[in-house]
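Listed below, chain by chain, are the residues.
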Amino acid sequence: MTELSHLSDRMPAVAHARDSWSAEDLRHLASCSDCRAEWKLVLTGSRLGGELERELDVGAVTAAVTTRLREARQAPRLRFPALRWAALAAAAAAIVVAVALRQVTPGPGNPTAVSQQALLPELEDLSADELETLFEVLPAADALLEPGIPGFEDLTEDDLKSVLRTLEG
Amino acid sequence: MKHRTWLTLTLSALGWTAPVPLTAQAPGAGGGVRAERLRQELEARFAQQVKTELGLSDEQAVKVRDIMEDFARRRRHLEAEERRLRQALHAQLRPGIAANPDSVSRLVDRTTEVRVAYVQLLQEEMKQLTPILTPVQRGQLLLLRDRILQRIQELREQRRVQGRGTVP
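Sequence lines, in order, name chains A and B. Under numbering that gives the first Met the number 0, think of the first position of the first sequence as 0, with each following residue one higher. Under numbering that gives the first Met the number 0, think of the first position of the second sequence as 0, with each following residue one higher.
Among the hints, erroneous ones may be present.
Output of the computed footprint for chain B on chain A, the stretches with three or more beta carbons under 8 Å from beta carbons of chain B [claimed, not checked]:
| # | stretch |
| --- | --- |
| 1 | 15-22 |
| 2 | 120-128 |
| 3 | 132-139 |
By construction, these hints were calculated from the structure, which means they are not laboratory data. Everything numeric in this text was worked out from a predicted model, so none of it was measured. Just so you know, even glycine gets a beta-carbon here, dropped at the ideal spot from N, CA and C.
Please take these sequences and the hints and turn them into a complete structure.
In structure tokens:
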């Protein structure tokens, strides 16, 4: 596989944050205007409709398209084959946009959207069971200072001296 | 090239190109809602511990977080690349199949480069934190993160030993 096709194949995944560029990839993109242009196109394409997603009711669109198709079947056929194809293409495009928008919407179903801001990318290849065990090294903040166990600020001067003596043996 | 571009562009816009779940990043890797929730909880705890253990002021916390996020993004790229390299190396070194010496050599060289780059990132991050944190705070941060990274390394090693995945 050539460098060009290798990068091209991965562009959609990177654009959707399912993959990322390596340092080598970035170097190549910086030096190859063709690939850079292609990447720019892919990135732009992946963001198309991003502004619409909040306003688009996928369910309503799907219902409307289905209804329209049903009506079209019952109505007399269009005279011109080209118009029939255009109507079909428009319906298909509407469904495709709805499906695509569902797939790129960030949220619980798209974990990488959150991980972009993470401080520990090393967690990404761990399974849920493995992640569970990490709570041992990252206890909750309130567990760090258990209630009932006084901190040093609660001790008197004599208590502190006593603690020091204990520590010093 | 042009056909490829348009095909890729179209498929990309539709989000229809071979959907790669998070689990595909590495066998045994944690996709799924539960794993993502745990990841978010761990991230939140880590951020909280950095703030409390280091005793950061609000102003320090914001600056430190900005720097750490930037470096985390860069480490993320390296982590992803190393996963790919490990997968490729494992594919080359499958028992009973002759490995391509040139490919293996390239994979090994690149893997070591990536690991060096990873350590350099940690070093560079600490340098950028120097004007913001005291030496003691930097030490605390180093130990806190070491504790987590060491545990993650142990988990990966366990996975490798148990042979749960092809990628340790």
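Hints, one by one, checked against the model:
Counting residues of the stretch 15-22 of chain A whose CB falls under 8 Å from any CB of chain B gives 7; the rule of at least 3 is met. Remark: the stretch 120-128 of chain A is confirmed as covered by chain B, as 8 of its residues place a Cβ nearer than 8 Å to a Cβ of that chain, reaching the required three. Check result for the stretch 132-139 of chain A against chain B: holds, 8 residues qualifying (beta carbon to beta carbon below 8 Å, three or more required).
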